[in-house]
Amino acid sequence: MGDLQVKKNAKQYDAIIVGSGAGGGMAAYVLSHAGLKVCLIEAGPMYDPRTNVTQLKNPWESPRRGASTKFRPFGDFDACYWGWEIDGEPYTHADNTKWEWWRARMIGGRTNHWGRISLRFGPKDFKRRSIDGLGDDWPIGYDDVKPYYDRIDKLIGVFGSNEGLENDPDGIFLPPPKPRLHELMIKKAATGIGIPVIPSRLSILTKKINDSRGECIFCGQCNRACSYAYADFSSSSVLIKPAMETGNIDVITNAMAREVLTNKEGLATGVSYVNKQDLQEYQVMGRTVILAASACESARLLLNSKSARYPNGLANSSGVVGKYLHDSTGADMGGVIPELFDRKRYNEDGVGGAHIYTPWWGDNKKLDFPRGYHIEYWGGFGQPAYGFGGGIQSMNGKFLVKGQQKEAGGYGKSLKEDYRYFYGARVGMAGRGEAIAVESNYCEIDPKVVDKYGIPVLRFNVKPTEYEIKQAKHMKETFKEIMHELGAVITYGGDDDEKNNYGLHAPGNIIHEAGTVRMGNDPKKSVLNKYNQAHDCKNLFCVDGGPFVSQADKNITWTILALSMRASEYIIDEMKKRNI
Amino acid sequence: MDRRKSLKAIAVSTLSASLLLDACKTDNKKDTAAKGAEPGGQLTLDRAEEEKAREKELMSTTFFTPHEMATITVLADIIIPRDEVSGSASDAKVPEFIEFMVKDRPENQIPMRGGLRWLDVQCLKRFNKPFVDGTEQERMAMVDEIAWPRKAKPEMAQGVAFFNLMRDLTASGFYTSEIGVKDLGYVGNTPNKWNGVPDDVLKQYGLSYSEKELKECAKY
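As given, the protein sequences belong to chains C and H, one line each in that order. Residue 1 is where the first sequence starts when you use this note's numbering, and the numbers rise one by one after that. Residue 1 is where the second sequence starts when you use this note's numbering, and the numbers rise one by one after that.
Hint data in this document are derived by calculation from the structure and do not stem from the laboratory. Every residue, glycine too, gets a C-beta built ideally from N, C-alpha and C. Wrong hints could be hidden among the right ones.
Stated by the list, open to error - Listed below are the simulated EDC-like cross-link pairs for lysine to aspartate or glutamate, each with C-alpha atoms no more than 20 angstroms apart in a straight line:
| id | chain 1 | residue 1 | chain 2 | residue 2 |
| --- | --- | --- | --- | --- |
| 1 | C | Lys188 | H | Asp200 |
| 2 | H | Lys103 | C | Asp87 |
| 3 | C | Lys406 | H | Asp83 |
| 4 | C | Lys406 | H | Glu145 |
As the list claims (entries may be wrong) - Negatives, chain C to chain H, calculated, CB over 10 angstroms:
| id | residue |
| --- | --- |
| 5 | Ala34 |
| 6 | Thr92 |
| 7 | Asp95 |
| 8 | Tyr142 |
| 9 | Pro169 |
| 10 | Ile172 |
| 11 | Gln221 |
| 12 | Tyr310 |
| 13 | Gly319 |
| 14 | Gly334 |
| 15 | Asp368 |
| 16 | Lys402 |
| 17 | Arg459 |
| 18 | Thr465 |
| 19 | Glu477 |
| 20 | Lys524 |
Please take these sequences and the hints and turn them into a complete structure.
Rendered as structure tokens:
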């Protein structure tokens with residue numbers, strides 16, 4: 001390292017984008033198609049489902065049969081590289097707090113492993129403070145975002161059904177797949193006790209929408225990324241690939257952003273990064289800088305971009321960068337449906353996710369917590385994987401097998417019969433709800449710790465509030481009612497109580513981080529204006545989950561995409577007007 | 001500035017771009033890409049660089065001794081023997097899978113090694129030979145002491161815990177093998193069109209699709 005130097009790329013770009021997930025991918029797509037010269041920096045390697053294949057592999061093609069590793073925490077066939085821990089890139093926690101931080105390092109970012117659940121925020125979701133006095137209203141409303149949701153529905157494709165629900169807006173949907181057997185059972189059970197069940201809204205192509213992507217092949221493996229037909233939404237295949245085909249974008253992979261560079265006037269001039277392969281320092285220069293590194297990585301980058309002009313970090317005169325960090329709430333329950341023991345075999349893989357879901361149906365005026373949650377479901381046959389048949393001794397002594405009472409545990413031919421008998425009878429459900437974004441939940445730069453590249457790391461300080469715990473309690477009560485109606489026997493998640501916050505997952509665990517670079521009309525209380533543009537630095541933008549004022553009981557990806565498209569078109573417009 | 005390094009800096013972006021373009025050219029070969037494993041058990045799964053290094057490291061070491069492997073093989077075949085539907089655990093290479101898993105998940109190493117030793121010591125006390133060297137009758141008598149959690153004697157508790165682990169690892173390995181997947185009758189993992197639950201199954205469970213579903217859902 002004796003000759004360590006900073007290498008400057010001579011090219012002057014119109015836009016430098018940091019991160020290639022939903023937000024960065026959409027910005028890359030829009031700006032490159034508009035003819036701008038774009039440089040995309042990604043901290044991980046190149047990735048294309050066509051060449052990086054885990055789809056349609058059999059379980060025995062993984063030596064660990066699909067078990068998880070630190071490289072693939074969602075299992076050996078999951079498309080996503082890295083997750084809760086990355087070698088050489090630590091993060092820390094304030095005393096007695098928990099935050100689980102998922103980081104993808106690859107082209108496409110976290111769109112490589114998500115559930116493709118593509119929900120629009122509703123009109124109420126942008127104006128929650130006006131409704132319940134908590135948190136803040138967004139500086140924009142549903143009508144501002146609706147045209148972009150419509151265009152994204154058409155550009156990317158999403159199936160669902162128009163139900164005319166007040167806060168779960170209709171969209172431009174492809175036809176949804178028919179429910180599977182256990183889903184019909186869930187629907188019957190839940191609707192019978194007043195809990196609505198409607199078709200899922202997933203960004204998977206049940207019909208072809210253009211010539212570059214095909215129709216779903218119903219292998220149930222969207223989390224492996226669709227090598228076969230690009231029929232799922234992943235940023236790599238749906239946004240980055242067409243962006244690269246414009247010839248207007250340079251993609252720099254294995255590039256870990258260090259700082260946003262600024263000049264004497266306080267404008268952003270570029271980004272410095274370390275190349276993870278040669279460990280040399282580089283700089284790329286551009287007219288605008290667009291952060292899309294994930295809510296927390298973008299906050300980290302801003303806080304690490306200190307200068308005489310920006311002593312608290314870039315775009316942080318308000319002091320709110322890193323604050324209001326929140327994730328979806330989550331709690332779950334699993335069981336078996338005895339009626340499904342000894343089922344007839346057939347292929348029910350379906351799409352990669354549930355064909356049904358429950359949108360929030362409650363009336364908060366009658367409840368002891370604000371905001372709501374939606375319910376996701378799973379069950380049925382599935383490709384056998386590591387863990388198959390685990391703990392059979394708690395099943396085969398409990399239920400009659402072909403009419404016969406057996407002793408728990410055992411071995412031999414009788415045991416083989418048991419594994420066959422119980423296969424395909426599992427069922428489960430999970431609540432995903434809205435946590436309140438509060439200033440006291442935040443991430444900041446740890447004053448003492450750096451990663452292997454010498455970049456100061458984040459320290460998290462997040463605690464769930466009573467509201468989230470009460471929400472988890474309500475989830476558990478609801479799940480038990482549905483399980484009961486379903487005639488299911490609960491096998492896990494049924495014993496949670498106040499001692500463990502009713503099974504509420506640690507914040508961060510649901511992987512919907514948001515809020516750290518929030519937008520607002522008041523520069524003293526927010527980082528960005530309503531176009532995702534920094535109040536303090538007009539040629540700096542953030543288009544990931546960071547700008548979210550609140551995140552609704554909806555997965556945030558569809559809104560990240562809509563706001564990124566909106567911000568990107570604003571950038572093009574402002575450039576034309578010579579404002580930036 | 002070192003000229004070679006600056007060239008390298010410029011090359012990063014162009015190299016990445018050409019990689020993706022190459023990837024696009026394989027469109028017409030998608031069937032081969034999606035088909036699966038090469039013959040001979042060669043791994044064809046996508047692997048990140050860090051994973052390749054880790055896998056190589058795992059494959060280069062051996063954990064269990066030949067005696068331990070012999071014991072694992074006998075136990076696995078007691079748990080999953082050949083029957084009229086399918087082959088045995090060792091037919092499905094379950095012992096090799098367990099060898100891999102304890103290296104991949106080191107937290108299993110002490111429970112497995114210690115459990116095997118616990119078993120051998122019990123057998124030495126009972127019939128003065130390690131487990132694998134016992135007669136069929138001696139082995140099965142020993143297994144029956146630890147295979148039934150609810151009726152096992154309290155002093156057998158460690159053996160029960162070991163056998164539960166051994167049963168779980170055997171099931172994981174067997175039912176994720178080609179033989180085991182066929183045994184279970186899993187028929188997915190193949191391109192198809194989903195048109196809903198088969199009629200005879202709907203009838204069996206007294207269910208049907210609503211008019212709304214029949215109207216709005218995808219048909220192929």
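Hints, one by one, checked against the model:
1. C:Lys188 with H:Asp200: The given pair, whose Cα atoms are some 19 angstroms apart, holds under the 20 angstroms limit.
2. H:Lys103 with C:Asp87: holds, 19 angstroms
3. C:Lys406 with H:Asp83: holds, 19 angstroms
4. C:Lys406 with H:Glu145: The given pair, whose Cα atoms are some 16 angstroms apart, holds under the 20 angstroms limit.
5. Ala34: Its Cβ never comes within 10 angstroms of chain H, the nearest being 19 angstroms, so this holds.
6. Thr92: Fine: 22 angstroms to the nearest Cβ keeps Thr92 (chain C) off the interface.
7. Asp95: holds, 27 angstroms
8. Tyr142: holds, 24 angstroms
9. Pro169: Label holds. Min Cβ-Cβ 17 angstroms, cutoff 10 angstroms.
10. Ile172: holds, 14 angstroms
11. Gln221: violated, 8 angstroms
12. Tyr310: holds, 27 angstroms
13. Gly319: holds, 36 angstroms
14. Gly334: Non-interface label stands for Gly334 (chain C): nearest chain H Cβ at 17 angstroms, farther than 10 angstroms.
15. Asp368: The claim stands: Asp368 (chain C) keeps its Cβ more than 10 angstroms from every Cβ of chain H (closest is about 34 angstroms).
16. Lys402: holds, 14 angstroms
17. Arg459: Its Cβ never comes within 10 angstroms of chain H, the nearest being 25 angstroms, so this holds.
18. Thr465: holds, 35 angstroms
19. Glu477: Answer for Glu477 (chain C): holds, closest chain H Cβ roughly 26 angstroms.
20. Lys524: It holds; Lys524 (chain C) is separated from chain H by about 39 angstroms at its closest Cβ, greater than 10 angstroms.
Checked against the numbered hints above, the structure breaks only hint 11 and satisfies the rest.
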